[in-house]
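So the sequences go chain by chain: X and Z.
Sequence positions in the first sequence follow our numbering and run 1 to 471.
Sequence positions in the second sequence follow our numbering and run 1 to 363.
To be clear, the hints were calculated from the coordinates, so they are not data collected in a lab.
Keep in mind it's a predicted model, so treat the numbers as computed, not measured.
We treat Cβ as the ideally placed atom computed from N, Cα and C, and that holds for glycine.
Among the clues, some could well be false.
Unchecked claim - Across the chosen pairs, the derived CB separations fall in these ranges: (1) Z:Y12 / X:K302: 29 to 35 Å; (2) X:E435 / Z:I203: 54 to 60 Å; (3) Z:L313 / X:E7: 27 to 33 Å; (4) X:G49 / Z:P228: 37 to 43 Å; (5) Z:A230 / X:T114: 53 to 59 Å; (6) Z:L4 / X:K302: 29 to 35 Å; (7) X:A284 / Z:P228: 39 to 45 Å; (8) X:W80 / Z:D3: 45 to 51 Å; (9) X:F181 / Z:D3: 43 to 49 Å; (10) X:P217 / Z:F211: 34 to 40 Å.
Stated by the list, open to error - Calculated cross-link-like contacts (lysine-lysine; reagent style DSS-like; alpha-carbon spacing at most 30 Å): (11) Z:K37 / X:K59; (12) X:K302 / Z:K227; (13) Z:K31 / Z:K174; (14) X:K302 / Z:K31; (15) Z:K275 / Z:K119.
Claimed, not checked - Chain X regions said to be covered by chain Z (calculated; three or more residues, Cβ under 8 Å): (16) 272-280; (17) 292-299.
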Amino acid sequence: MNYPVWEVPIIGSQLVIAIIAIFHVLISHFAIGGGLYLPYAEMLAARRGDREWRAVIKKHSKFFLILTGVFGTVTGVGIWFSIGLANPEATSTLIHYFVFAWAMEWVIFLVELTTIAIYYYTWDRVSDALHIAIGWLYGIVAWLTLVLINGILCFMLTPGTTWLAVAGSGQEIHVFWHAFFNPTYWPSLLIRTLICICLGGVFALVTASRIDGAAQPRLKTDLIRWSARWLVPTFILLPFAGAWYLWQVPAVQRHILELGFSTIGQGVFSVVTRMSLTLVLSVATLLVIVYLLAYRNPLDFKLGAAITIVVLAQAAIMSTEMVREMLRKPFVITQHMFSNGVRLREVAADNTAGYLARSPWVRAAERTAWAALDAQGTAATNAPDYKPQMLARGELMFRGQCMACHTMNGYRAMRTLLAGRDHAGLGNLLKLLHENKDDSPYHAFMPPLVGTTNEIAALNLYLDTLAAPAK
Amino acid sequence: MPDLKKIGQAVYGWVNERLDLDPVIEHARAKTVPVHKHTFWYYWGGISLCLFLVQVVTGILLMIYYRPGPDAYASVREITYEIHFGWLIRSLHAWSANLMVAAVLVHMFSVFFMKAYQKPREFGWWTGLGLLALCMVFGFSGYLLPMDELSFFATKVGLSIPGIIPGVEPIISKIVRAGPEVNEFTLQRFFTLHVVVLPLLFIPLLAFHLFLIQKHGNALPPAERLKPAAGRKTIPFFPNFMLKDLAVWLIAINVLALLAAFYPWQLGPQADPIKPAPIGIHPEWYFMSQFELLKVVGRFLPGVSGEVAGIGLFTIGMVLWALVPLFDLETTGGRRGRAITYFGLFMLAGLVALTIFGYFDLK
Ligand code: HEM
Numbered sequence: 001m002n003y004p005v006w007e008v009p010i011i012g013s014q015l016v017i018a019i020i021a022i023f024h025v026l027i028s029h030f031a032i033g034g035g036l037y038l039p040y041a042e043m044l045a046a047r048r049g050d051r052e053w054r055a056v057i058k059k060h061s062k063f064f065l066i067l068t069g070v071f072g073t074v075t076g077v078g079i080w081f082s083i084g085l086a087n088p089e090a091t092s093t094l095i096h097y098f099v100f101a102w103a104m105e106w107v108i109f110l111v112e113l114t115t116i117a118i119y120y121y122t123w124d125r126v127s128d129a130l131h132i133a134i135g136w137l138y139g140i141v142a143w144l145t146l147v148l149i150n151g152i153l154c155f156m157l158t159p160g161t162t163w164l165a166v167a168g169s170g171q172e173i174h175v176f177w178h179a180f181f182n183p184t185y186w187p188s189l190l191i192r193t194l195i196c197i198c199l200g201g202v203f204a205l206v207t208a209s210r211i212d213g214a215a216q217p218r219l220k221t222d223l224i225r226w227s228a229r230w231l232v233p234t235f236i237l238l239p240f241a242g243a244w245y246l247w248q249v250p251a252v253q254r255h256i257l258e259l260g261f262s263t264i265g266q267g268v269f270s271v272v273t274r275m276s277l278t279l280v281l282s283v284a285t286l287l288v289i290v291y292l293l294a295y296r297n298p299l300d301f302k303l304g305a306a307i308t309i310v311v312l313a314q315a316a317i318m319s320t321e322m323v324r325e326m327l328r329k330p331f332v333i334t335q336h337m338f339s340n341g342v343r344l345r346e347v348a349a350d351n352t353a354g355y356l357a358r359s360p361w362v363r364a365a366e367r368t369a370w371a372a373l374d375a376q377g378t379a380a381t382n383a384p385d386y387k388p389q390m391l392a393r394g395e396l397m398f399r400g401q402c403m404a405c406h407t408m409n410g411y412r413a414m415r416t417l418l419a420g421r422d423h424a425g426l427g428n429l430l431k432l433l434h435e436n437k438d439d440s441p442y443h444a445f446m447p448p449l450v451g452t453t454n455e456i457a458a459l460n461l462y463l464d465t466l467a468a469p470a471k
Numbered sequence: 001m002p003d004l005k006k007i008g009q010a011v012y013g014w015v016n017e018r019l020d021l022d023p024v025i026e027h028a029r030a031k032t033v034p035v036h037k038h039t040f041w042y043y044w045g046g047i048s049l050c051l052f053l054v055q056v057v058t059g060i061l062l063m064i065y066y067r068p069g070p071d072a073y074a075s076v077r078e079i080t081y082e083i084h085f086g087w088l089i090r091s092l093h094a095w096s097a098n099l100m101v102a103a104v105l106v107h108m109f110s111v112f113f114m115k116a117y118q119k120p121r122e123f124g125w126w127t128g129l130g131l132l133a134l135c136m137v138f139g140f141s142g143y144l145l146p147m148d149e150l151s152f153f154a155t156k157v158g159l160s161i162p163g164i165i166p167g168v169e170p171i172i173s174k175i176v177r178a179g180p181e182v183n184e185f186t187l188q189r190f191f192t193l194h195v196v197v198l199p200l201l202f203i204p205l206l207a208f209h210l211f212l213i214q215k216h217g218n219a220l221p222p223a224e225r226l227k228p229a230a231g232r233k234t235i236p237f238f239p240n241f242m243l244k245d246l247a248v249w250l251i252a253i254n255v256l257a258l259l260a261a262f263y264p265w266q267l268g269p270q271a272d273p274i275k276p277a278p279i280g281i282h283p284e285w286y287f288m289s290q291f292e293l294l295k296v297v298g299r300f301l302p303g304v305s306g307e308v309a310g311i312g313l314f315t316i317g318m319v320l321w322a323l324v325p326l327f328d329l330e331t332t333g334g335r336r337g338r339a340i341t342y343f344g345l346f347m348l349a350g351l352v353a354l355t356i357f358g359y360f361d362l363k
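All chains, full assembly: derive it from the sequences and hints.
If you want it as structure tokens, here you go:
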């Protein structure tokens with residue numbers, strides 16, 4: 001527990017990341033897909049000498065510039081802010097191990113933003129051929145940002161055995177490329193590229209929906225049909241890419257997908273199954289709706305329908321990302337660091353020396369008082385300051401180890417989950433969490449509870465106050 | 001690569017020779033749907049139909065494991081917690097039931113404001129009202145089936161309301177509740193109602209309702225009727241409107257699936273008639289406005305007379321609502337036509353306000 005805990009009431013810090021990320025992912029993938037769409041469409045228009053088409057593409061590039069340049073960048077910074085606050089330990093780890101990749105990423109971001117600005121401002125100012133070339137340059141640079149970030153994102157789910165073998169030894173830099181091109185890297189790059197291409201088409205439909213079908217029927221039909229075709233590669237390849245990806249995920253993590261088949265019982269982590277169902281449904285619907293509303297009826301295709309399609313794409317992407325995030329539970333870096341920042345290899349040490357031993361958030365006076373209580377053994381329970389000292393200690397345990405995933409009253413509310421349990425019942429629960437045996441019902445989605453016997457007893461006393469708050 | 005189009009044509013030709021489908025397709029192609037700024041509301045009947053089909057399919061699947069009788073609660077428990085994807089089917093059924101009532105209500109009000117009940121569509125209006133009533137009975141009877149605490153006590157309260165009217169209580173006791181208290185026999189009767197009687201009534205009525213729509217086509221809202229025929233836009237029903245309808249159904253199913261996946265239907269503790277009713281027992285939202293109306297009238301007129309007055313007021317409102325095609329005869333607006341639109345707005349606002357107020361009034 002090296003960092004303070006960022007407490008967000010009701011929704012919890014994890015959901016803050018999720019809410020920002022949902023928008024960021026949609027826009028950032030569009031930033032790549034649109035980057036391929038624009039030069040390709042412009043090239044076709046130039047080849048056919050179609051000025052009408054070109055005019056629409058120019059309009060589309062403005063929409064593109066504003067959406068990606070403003071909302072894309074703002075949400076991107078938002079993600080950095082929120083992950084730094086919610087998961088400081090993991091963020092620091094990622095920064096340390098991937099310094100080089102991050103540095104490259106930021107250089108490329110800069111190039112990306114500059115080229116798109118140049119692309120937009122050189123419409124009608126340079127030759128068509130040069131303008132298209134700038135467009136392609138943008139598209140490639142935008143895709144390179146994905147090539148980089150994809151390595152780091154996938155690393156969290158599948159750091160790979162080579163990296164795990166040296167993790168913590170100080171030798172990580174020697175296996176950088178193993179960590180970067182980790183087991184899910186290629187399938188994930190394929191999936192994300194497919195999503196980008198699909199979104200390039202989806203957002204083009206928004207612009208195309210605004211063309212007046214009565215005045216320019218040929219233009220509207222052509223552009224809508226052509227943009228709708230951008231969804232085809234994605235839908236043919238996505239199932240295979242998805243299967244490839246899942247096959248690369250370790251079986252233990254994959255097992256989480258199955259937890260929701262049978263039950264929605266409390267405490268059973270069924271949300272991944274539920275999200276996967278919506279994922280499959282929304283992807284299938286997206287395809288059919290684009291076919292029915294856009295491809296079959298291009299002239300009746302209005303903004304409302306286009307926005308419905310964007311919302312469906314958003315639902316599909318949101319569930320994809322949520323499933324990917326949750327497959328990692330209870331880890332933030334699989335088999336290395338749990339979501340609450342506890343490292344797998346430190347569990348044994350924390351159990352003997354104490355979880356709070358290294359924490360800078362314990363006052364010196366508290367440290368001595370606790371040590372004194374611990375020294376007295378069972379006799380300590382009669383000491384006058386036993387209860388308040390233990391509660392303070394339990395609260396720190398709770399903040400450090402539980403609040404990464406739970407809130408008091410909102411998302412995965414602790415008070416609700418604990419309601420009705422008595423002291424002994426909570427003791428059993430903590431014992432299960434502490435031992436964290438393979439067959440424990442919580443093993444798949446909650447990290448082991450670390451700490452000495454007295455620290456756990458302190459947490460037990462603190463949880464009592466949550467389960468049955470004093471009146 | 002076999003020529004799929006040719007195969008399709010051959011199959012169609014074979015069937016057509018025997019069943020003579022051409023005229024049906026011809027008819028569907030000739031039929032048109034008006035396009036104007038209120039076209040959106042034409043989809044709501046279709047959405048209701050789609051949700052009903054979901055009810056039929058998921059209802060049949062639920063019946064495979066549901067056991068009325070003393071095991072009812074245990075069987076719903078198994079469906080929710082043990083049977084693979086049982087929770088999904090149950091959640092779909094329960095969510096779709098609620099969405100269906102909501103869709104039917106939207107459909108009804110849009111028909112009202114487009115004045116689509118006017119000649120020759122009066123029977124469409126009446127059959128529609130019948131379908132809404134059946135839907136609500138479907139919901140009321142289905143609600144008891146899990147026999148958890150909430151469903152038990154809500155049904156108990158719901159059944160006691162009409163009993164206030166002198167002379168009605170013995171009938172309810174005998175025919176509906178099978179005794180002075182809600183019990184296993186009530187459950188058995190509700191089950192029979194829910195899965196046999198109601199479908200037997202609902203499906204023919206629905207068929208008739210759909211037949212009428214085929215016969216008369218979509219009604220134009222008054223403002224459109226004033227335009228010259230040449231200025232109105234239409235699209236063919238088949239395939240254009242039907243494909244769009246299909247797209248809307250898919251969206252409805254997505255909304256339903258999202259709700260079922262993210263807010264799975266819960267099961268409370270088993271009903272225990274001996275325990276006092278938990279606080280905050282209230283009817284399903286689509287009975288809330290009626291429930292609240294009774295409470296409000298009861299404040300002015302305490303006692304039985306108030307309840308009877310409340311029920312009377314509600315009945316008068318419903319009768320007026322049902323008879324509206326008989327006294328709104330002007331097809332192109334006019335003073336009376338406008339007054340009736342205001343009556344509709346008043347009913348809509350009343351319904352919404354009473355429902356919202358009802359939730360605040362629970363404590
Ligand atoms: C022919 C079609 C239908 C069949 C065969 C059917 C069957 C069933 C069965 C077996 C149950 C009990 C299982 C359970 O409680 O989860 C049930 C529950 C229920 N049904 Fe239906 N049903 C049909 C149509 C409808 C319709 C049209 C509605 C309402 C508009 C409806 C509303 C409900 C409700 C609200 C429940 C309680 C849900 C719960 O709390 O679990 N049903 N139905």
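- Is it true that the C-beta distance of Z:Y12 to X:K302 lies inside 29 to 35 Å, as the hint says? holds (33 Å)
- Regarding the pair X:K302 and Z:K31, is the alpha-carbon distance no greater than 30 Å? holds (23 Å)
- Item | Outcome for the supplied range 43 to 49 Å, where the beta carbon pair is X:F181 and Z:D3 | Hint holds: Cβ distance 46 Å, inside 43 to 49 Å.
- Is 27 to 33 Å right for how far apart the beta carbons of Z:L313 and X:E7 are? Given about 52 Å between the Cβ atoms, the range is violated.
- Query: Within 34 to 40 Å or not, the Cβ separation of X:P217 and Z:F211?
  - Reply: holds (36 Å)
- Query: CB of X:G49 to CB of Z:P228, is that within 37 to 43 Å?
  - Reply: holds (42 Å)
- Hinted pair Z:K37 and X:K59, Cα distance within 30 Å: With a Cα-Cα distance of about 27 Å, the restraint between Z:K37 and X:K59 holds, given a limit of 30 Å.
- Message: Just to be careful, I want the Cα atoms of Z:K275 and Z:K119 compared with a cutoff of 30 Å; is the pair within it?
- Response: The given pair, whose Cα atoms are some 54 Å apart, is violated under the 30 Å limit.
- Hey, Z:K31 versus Z:K174, does the alpha-carbon distance stay inside 30 Å? violated (50 Å)
- Message: A range of 29 to 35 Å was offered for this pair. Does it hold for the Cβ distance of Z:L4 and X:K302?
- Response: holds (31 Å)
- Item | Verdict on chain Z covering the region 272-280 of chain X, where coverage means 3 or more residues with a C-beta closer than 8 Å | Coverage by chain Z holds here, the residue count being 4 at a Cβ distance below 8 Å.
- Task: Starting from the range 39 to 45 Å, see whether the pair X:A284 and Z:P228 falls in it by beta-carbon distance.
- Result: holds (44 Å)
Consistency with the previously given hints fails for numbers 3, 8, 13 and 15, ordered from lowest to highest.
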